Amino acid sequence: MFEAIAFYLFAALTIGMFTITVMTSQALYALTAMAAGMIFISAFFFILGADFLGAIQIIVYTGAVMALYAFGMMFFDTTRSVIEKRNNPRFVVVLGALAAVLIVLIVLAPIVTTNLNSQHPIDLNVGNTQAIGMVLFTKYLVPFELAAVMLLVAMIAGIVLAGKKMDKSLTLMADEEIALMQASSHDRTEEEGEH
Amino acid sequence: MQEHILSILIFFPALAAMLGFVVHKDGAKAYGITVAGIEFFLSLWLWHIYDPMVSGMQFMESAPLVSAFGINYLVGIDGISLFIIILATFFTLIGILSLTETRRVKDMIITLLFLEMTMVGVFAALDAIVFYVFWELSLVPMLYIIGAWGGPLRIYASVKFFLYTFTGSLIMLVGMLFMAYFYYQATGQWSFSILEWYRLILPANFQMWLFAAFFMGFAIKVPMFPFHTWLPYAHGQAPTIGSVILAAILLKMGTYAFVRFSLPLFPDAAVAFMFPIAILAIIMIIYAAMVAYAQEDIKQVVAYSSISHMGVIILGTFAMNVEGISGSVFLMIAHGVVSGALFLLVGVIYDRRHTKLMSEFGGLASVMPRYATIFGIMMMASVGLPLTINFVGEFLSLLGFYKQSHSYTLVAGTAIIVGAIYMLSAYKKAFFGPVTKEENKHLKDVNRTELLGLIPLVVIAIWLGVYPKPVLEPINNSVEAIVQLMHDKAQTPEAQKRIPNLATTGTMNSVSEAH
Amino acid sequence: MLEPITVSLASLNVTTMAPMLIAIVGALTILSIDLFKDGLHKSLYVMVALLFLLLDLGAVVDFGTIFLRNGTVLGMFNMMLIDGLAILSQIIIVVASMLFIPLALTSKRFHEYNYPEYFALFLFMIAGFQFMVATDNLIMIFIGLETASLALYTLIALHNRSKSFEAAVKYFTMGALAAGFFAFGSMVLYAITGSVEINQIALSLAKDEYANIGYVLLGITFLLAAFGFKLSMVPFHTWTPDVYEGSSAALAGYMSIVPKVAGFVVAMRLFEFLVHSGVVWLQVILYIIVVVTMTASNIWALVQSDVKRMLAYSSISHAGFVMAAILIGSTQSNTGLFLYWALFSFTNLGAFTMLWVNRQKNLIAGQSSDHPYEKFSGMIRTMPMAAVVMALFMLSLAGVPPFALFWGKMYMIGAAVSSGYTVLALIMALNSAIAAYYYLKLIVFMFMKEPMAAYGENYLLNASLSLKTIIGIAAVATIFAVIAVNPLLKVITLFVYNSGY
Amino acid sequence: MELTLNHYLILSTILFCIGLIGVMRRKNLLMLFFATEILLNAVNVGMAAISHYRGDYTGQMFAFFIIAIAASEVAVGLGLLVVWYKRTGKIDLDQMTSMRG
Amino acid sequence: MELYLYTALFSPLVGSLIAGLFGASRKTSFTGLLTSGLLLTSFISSVILLTYVMAGHTVHVEMMTWIATGDLYIPFGFVVDQVSVTMMMVVTTVSTVVHIYSIGYMSHDKGFNRFFSYLSAFVFSMMVLVMSDNFLGLFIGWEGVGLCSWLLIGFWYHKESATWAANEAFIMNRIADLAMLIGIFMIYWNLGSLQYDVVFAHISILPMPVITWIGIFLFIGAMGKSAQFPLHTWLADAMEGPTPVSALIHAATMVTAGVYLVVRANPIYSEIPDVGNAIAALGAFVAMFAATMALVNRDMKRIIAYSTLSQLGYMFVAAGLGAYWVALFHLMAHAFFKALLFLGAGNVMHAMHDELDPFKMGGLKTSMKWTWILMTLASVALAGIYPLAGFFSKDLILEVAFVEQHYILYSVLLITAGMTAFYSFRLVALIFHGDKRHLEHGIHPHEAYTFMLYAMAPLAILAVISGMVFKTPYYLMVTELLPAVQYHIHNHTTFWIMTIGTQLFVILAIAYAYKKYAKAVKVDKKVESGFFYQLLYNQYYIPKIYDEVFSKPYLQLSKLAWKEIDLKIVDAIVDGIANTIYRTGEKTHTMQNGNLSSMLRWMVIGLVVLLVLAVAFTAGYNAVNLQAM
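First to last, the protein sequences are chains A, B, C, D and E.
Under the numbering used here, the letters of the first sequence match residues 1 to 195, in that order.
Under the numbering used here, the letters of the second sequence match residues 1 to 515, in that order.
Under the numbering used here, the letters of the third sequence match residues 1 to 501, in that order.
Under the numbering used here, the letters of the fourth sequence match residues 1 to 101, in that order.
Under the numbering used here, the letters of the fifth sequence match residues 1 to 629, in that order.
Don't read these hints as lab results, they were simulated from the structure.
Heads up, none of these hints are tricks.
Here are the simulated BS3-like pairs of lysine-lysine, each with C-alpha atoms no more than 27 Å apart in a straight line:
1) D/90 - A/168
2) C/163 - D/86
3) E/526 - E/515
4) E/515 - E/436
5) B/25 - C/449
6) B/441 - E/27
7) B/29 - C/449
8) C/37 - A/165
9) C/163 - A/85
10) E/568 - E/552
11) E/559 - B/428
12) E/159 - B/428
13) A/168 - C/108
14) A/165 - C/42
15) A/164 - C/108
A few chain A residues that don't get close to chain D, going by computed Cβ distances all over 10 Å:
16) 125
17) 176
18) 178
Every value quoted in this text rests on a predicted model; they were computed, and no experiment measured them.
No residue lacks a Cβ here, since even glycine has one placed at the ideal position from N, Cα and C.
One chain only, chain A, in its complex shape:
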């Protein structure tokens, strides 16, 4: 019963928050609402006994992701309300609602299955985090490593893209200009060395 109440409560909250995120014209509202929504979602994880996931959710999303977005918002100067030109706003909502209705139509049906033995059964005797660790470092070791690579890629990408070297585009410069530019920068570094 408690679960049900909690479910409905948080469901309403997340839906509300995310709706605000999607519908508001204030970027700041949107960001805040999303952060709140993320936290509410972690509540589901706790309800469902996925403690580790809940923790991760709060740390990663509200910690890292939101910080990034907040930084982005400041950088892009979108704290004021954004004027978005829209065509057919109703169409979008109808399409989304239609998708929802269609999926719900299917999802309403109970899942009939005879295949109940799971690959990694949840053992209630073991703490969630520990159990996750067991699975993560055996079966999902490779994805884990790959995820590390992915994060490395993302890091490199972020650094490279936001780096200063992107300010001047060699692609658009004629070869002579590039040569000139490089010569001058070379001079400058040498000067710096002298100092």
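Chain A is already provided as a structure; the job is to place chains B, C, D and E on it using the hints.
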């Protein structure tokens, strides 16, 4: 060398073309003549060593290509393909000899040599895929020739030519793959060898579909009504050499393919489709002749006349008897010679006046008597006068089809009337009457270079009209084999009735039957 | 309490990861080199990348021999799945990458090649794709896909001009949406089967006799949308032309080949068992998608004014064509898929490289994109060899025999015919005819029009020896494909058949 | 009323569709990225729920990796936005139509 | 004898080729002499062959294979038998004369060499036609003479009317040739051979309808060449050619090829008397029909042409009634006097500077005495006055009709004989008698070269004697091959009444003609504007009808076929398909508007569409499953 003569014939021009990139453009024409000459003599040598008494394939060569899928490089010739190959090499030579083009001659020569490879390849191929390869590849040089050296609408014409034929042949490709699949189902082996396919007896309903698929490819190439509209554009826009080779050789691919594929592979379907196709052929004959009559451009007249003549060839092919098929094969060669010559002739005045409109001419007979004479001879050959090359073919084709249907032949026979109408009226417009245009008064008669190309054609047109035996005999032997094969494979009673059995009757003689 | 898990190293088959690890190590090596000394010439990185890719290829080929001896190898808790498909696709991925990476050695300088990170990301991307194909775990596929995609977005953006940013952003955003689709689809399948491994899912579904058909279709729908995006199926294709146009020709060519082959392998794993299990819906939908993709993109390609965009649409069409293999689902068709893609790689490599060597830095007046048709006008006069080679690639793409793609097309249509998809075979054939028009259009411009003086000096400026070598390789491969077809067919059939496809 | 898996799935669906609406609706790229986050979060709820009701850790694993992916996407996406913004001074996607047709 | 055969056959060809080599160069009388000499050689060889044949032999050679495929075997085979040798004699005689005559006639023409080349080529074709031993060989000659006829009618190609007439002749002949080809096809597929001997030996075993059709088709072929109604219009127009051509081709030889065919194929026609009767009826009709047109015509050559047509009608009557030898006999006699008539007309034309209207001539007998004599002689022969050739051959046909009890035919032919006499002498009277009307036009006529007159002399002699002298030996010879039927009216009284009556009738007609035209020419306006006069003068409006009914609609239809059907339907459909595809692309590629938002929407739309389909399918699937339960 004798064992590999066909491969040499096919790939020698291509190799020479590649080497031709090195040749300086001043020497390009001479180089082209040399290569085409060697190729022509090789093909003549092929004729020399060909045994006309053997009805089957000769000089067969085989090499695995994609053996996993049953594709082999398989070439060989019989009496049917031999002469078309010689015709192809001959016309390449003639074409290069009488080349008057001055723009980018080297490109032209190289293109022509590649084209020669594909032409020889098509007629020598005995593997469906190899056939298809050459068949499609032949479009490319032709596309370039029309598109780069053609008239004002050249791009439209060349692209239309390419796309139209390409579309048809893709449908044909599907048919070929189907055929191979049936073969696979029947034998557990993939094979694209035509000779292997010959052994396969398909149920009649499959034959229908496959026949239709192949028909699309062939009919567009021929071109049969109503798929013919690319041809006038292609001819109208192409430079002289392009038209010559297109008319003389490329169109023959379609009719040749009917004889090589459609008839022996699908005898029942061929018989079932005989009359619809005959109707199309008759429409081609009469309708194209009428359209030719209405033309203002002399080249278009010749172009439409090609369609009309191809109608007769188709009719002969679908006569399903030795007379008709031999006749149609012979007519392929005949039409090649004659229409090739006519296009060369049109090129002669085009070079002088840069127009092909008949209204621009008139009275040329007095200004250019030799030209008029040669044109006249070729026109009469085209009209099918006895003792010219066309007559033998036309006569045999119509004779053959008469066995199948009296009334159809009667209608189709109007070919000789309507043919005369458009040809004579065109000749009259261009050559007869007073010289009205000032520019025409001092036109030069055919010069030596042009004669070099034209005289051999005149000689052939008459020689083979008077004495067709050296060509007709090998054709006959091979055609007899095909007809017998068709008879043996025929399943429907209709087909058995329509396709004569050569093995029992030996010499047909209804006189003795009647006794 | 959990018992400690003891795993013997031998049973892990760590070597199954060797190819990917080589690529990752290569990337790290490049980063390290940069750490020690920056400002080194790009050729160094190209060669280092090439070396590692060579090792990578060696490892893959080695697995190939192992596969032929012992069959499918599983490793790392069954996370890695090295079957025939994985090996074949990895070979294509690595070989294509090896051929594309030297395209960095242009004579002009472009922004991205100034970054050692570019080459590192390139190798990471390859590793990502390799992981993606060498597993049947949806999680793994997802991460591999994302690794590769994120790297790819960056590579596009690194070209550093507004069009490439635009392309990257578009690609990224749509990719994010597709990632959502993938996740949701996986979730639905997981909900009904309790597994995220494709063969488990298949078993489970079969066991339940597809009782939850609604869920199954829901899951497939989302996955179809996700892979429709990756494989640029209509209507999920909209990114393709823009991204191709925005990125450098070299990268565009790469994108037309490698990500798609990875996508195809996953799609084969995901959808073929469903097709075979008689999910009629999927058959119908795939049929429609294949036909619409082929036809619509062909039709759109007709009206393009930029060659690169045209090639983008054409590659959509080719992808649609190949997608038919998954619909047909026979060994022959799957073999055809790999054959087609292997041949397509070389031809497309050639075509895009030809664009790449003609790349000018700044557009002239009246030019709105990098490679308008007019640019190639009269090329036969100014650069005959280049024109002939380009024409060769166009003809091959159009499926004119005996050039490379013809054999692929023929085999694919043959596969359709053999499985009774006659109408499909006809549609495939007719589409080739439509496609021929736009390939011809370029040939028409090159061979039948007068050169345009304005473009005169911009031809081939970007060419370098290595680029010409690549073009040479592509041209030779395209012309003499016929020799390679038989051995390719034999090997591919062996691999595909022994993987149970 | 007992909570079932279906409840969670429906919730997940609704959240996902909100995300879809956002993706379709947003013209500001930054805010569009918010919507993509919603998509992935919606799936995560479902994953965790299935994991719970199935008694299987795989779902949690999946959700875990999805979070990782989401994080990476943010990094790359923001990187792209930064260069785009630096070049044009805008992050409105209606301005981003130089390629079409 | 083979040597003579080949000499007779090929010497014209050799002459033609040699003359042809000089075709484009300036006049050299050498070509004329050479070809004439070679023709003389041919003539002599024919004479030798004639004696050989008269001795009861025939020559049959097979030179070489021509077409052989399947069961078809057609050689170049030549046969010299009683029929062909007769034809050979006619052909070589007339052509030799015409050749020699032409040396003078064409002496001022630019195309002198070309003319002789064509003329000899014609003779060669004609020889092939008559000497061939099979139907296809005959067809070679058949078309060959058609070609030469085309060349010679259109000899003055700068004249529009000449080229038009040439084309008309060729095309009309082609129509008939088609029928002939069909006939040949029928023979081949029914009998397996085209050799005369084989065909004729086995023809009787065929079913009646088949023989009938063969006969009909072959005869249609003959109708074209012999210009029988309704394919007759070309002959009158063919007079555009040089006059020697008219003499040789359009009077003596080529146009009689049709008769020759029927005679040659007599075993076929003997089997089908009904067809024979039809032929005879048509022949009689044409005889009268042509004669009526000749009555009023104002063109000298056309009058003679119609007379030729009329006489061909006579021949067909004979042939149709089975009197093959009579037909052949008339053919021979007619060749001589009609050629003579034409050559005389040629002299007149030369003298009158190519004026053809006899009403503008008159009184020429003073200045052209010999021509006058020769033409009068020919006209007398044509009219059938005893003892000239015409009497023996033409009256014989009348007798045939009478004996065979075809009285209608007989009376038609009889009336026609009167008309023939009338128009022949109308012509003679107008040209040679009366006032010298030509002086008004400033023309001073002169006699032709003497050697031309000498050249005509043999014809004149033959026109006089051939009937009387040749009849019996000819009969004896030719009936070896042809049915030997003697057409004698057994009742002597009837015979004499008929003979004398006919003679009187003819003489009356001649007298009337002289009376009406020999002195002064009165033009009776009223008669001339009358319906019948106009009808006849306009050749029964047939050329006009043909023009309106066939030529013009054909051209219009052709233009329609090209401009409306070919370009606007057939081609437009093809282009339409291509354009539709292209335009679809143009219309729909705006879907790719470059806006990320709509790209995303497209993705979602795709998803939703798939979802709809999925839900629908699920619902359907469940419904089906429920029912199954």
